[in-house]
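*Asks:* All chains, full assembly: derive it from the sequences and hints.
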Amino acid sequence: AHSPGALIKRYTGIVLSQPGAPHPLQRLAQLYRERDGNLAKLISDFEGRAAATADDAWAAKVGLAGLYKIDGRYDDAIKIYESAISDKPKEAAPPKGAAEAPANAGGVKGRRPSKKDKLRAAEAARLAERAARAARRNR
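Residue numbers (the working numbering): 4 to 142.
A hint or two may mislead.
Cut-off 25 Å, straight-line C-alpha distance, at most; resulting in silico cross-link-like pairs (PhoX-like, lysine-lysine) [to be verified]:
#: 1; residue 1: K44; residue 2: K12
#: 2; residue 1: K82; residue 2: K93
#: 3; residue 1: K44; residue 2: K82
Pairwise CB distance ranges, derived in the manner of DEER restraints [to be verified]:
#: 4; residue 1: S89; residue 2: G8; range: 33 to 41 Å
#: 5; residue 1: R76; residue 2: R30; range: 18 to 26 Å
#: 6; residue 1: K93; residue 2: S6; range: 20 to 28 Å
#: 7; residue 1: A9; residue 2: S89; range: 20 to 28 Å
Read the hints as simulated data drawn from the structure, not as lab findings. Since we're looking at a predicted model, the values are computed, not measured. Glycine is no exception: its CB is placed at the ideal position from the N, C-alpha and C atoms.
*Replies:* If you want it as structure tokens, here you go:
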């Protein structure tokens, strides 16, 4: 079995090499939650990477937007997606990621969505629409 640190390093590399791929990002978030109980360190790491000028800064920005989405921070996610779209208008990862937000915003499978779940889903739909408009503007 791999250590949590080794798996985190591995999945961080995968996330940065495959911007917008949902599974590696979800797995990375799961590893941090299992180790730390939250996503604070992961989000902080990706905020730093996204702000840097390294080659993987754009991929980190797309990853950060996805992490904000996973964490329920939809307004932050859309700001980062819009920034990533303006940086690289022809890339498909940010609009696709934003468009998937409504599917991720619902409640737990098997139970009726609460009022909070419905509000989150409405916010996610708004996020997806704004990202789609930004993508169309930048083509």
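*Asks:* Each of the hints needs a verdict: does it hold here or not?
*Replies:* Outcome of the hint check:
no., hint, result
1, K44 to K12, "holds (13 Å)"
2, K82 to K93, "holds (18 Å)"
3, K44 to K82, "holds (20 Å)"
4, S89 to G8: 33 to 41 Å, "holds (35 Å)"
5, R76 to R30: 18 to 26 Å, "holds (19 Å)"
6, K93 to S6: 20 to 28 Å, "violated (39 Å)"
7, A9 to S89: 20 to 28 Å, "violated (36 Å)"
Checked against the numbered hints given earlier, this structure breaks hints 6, 7; the rest are met.
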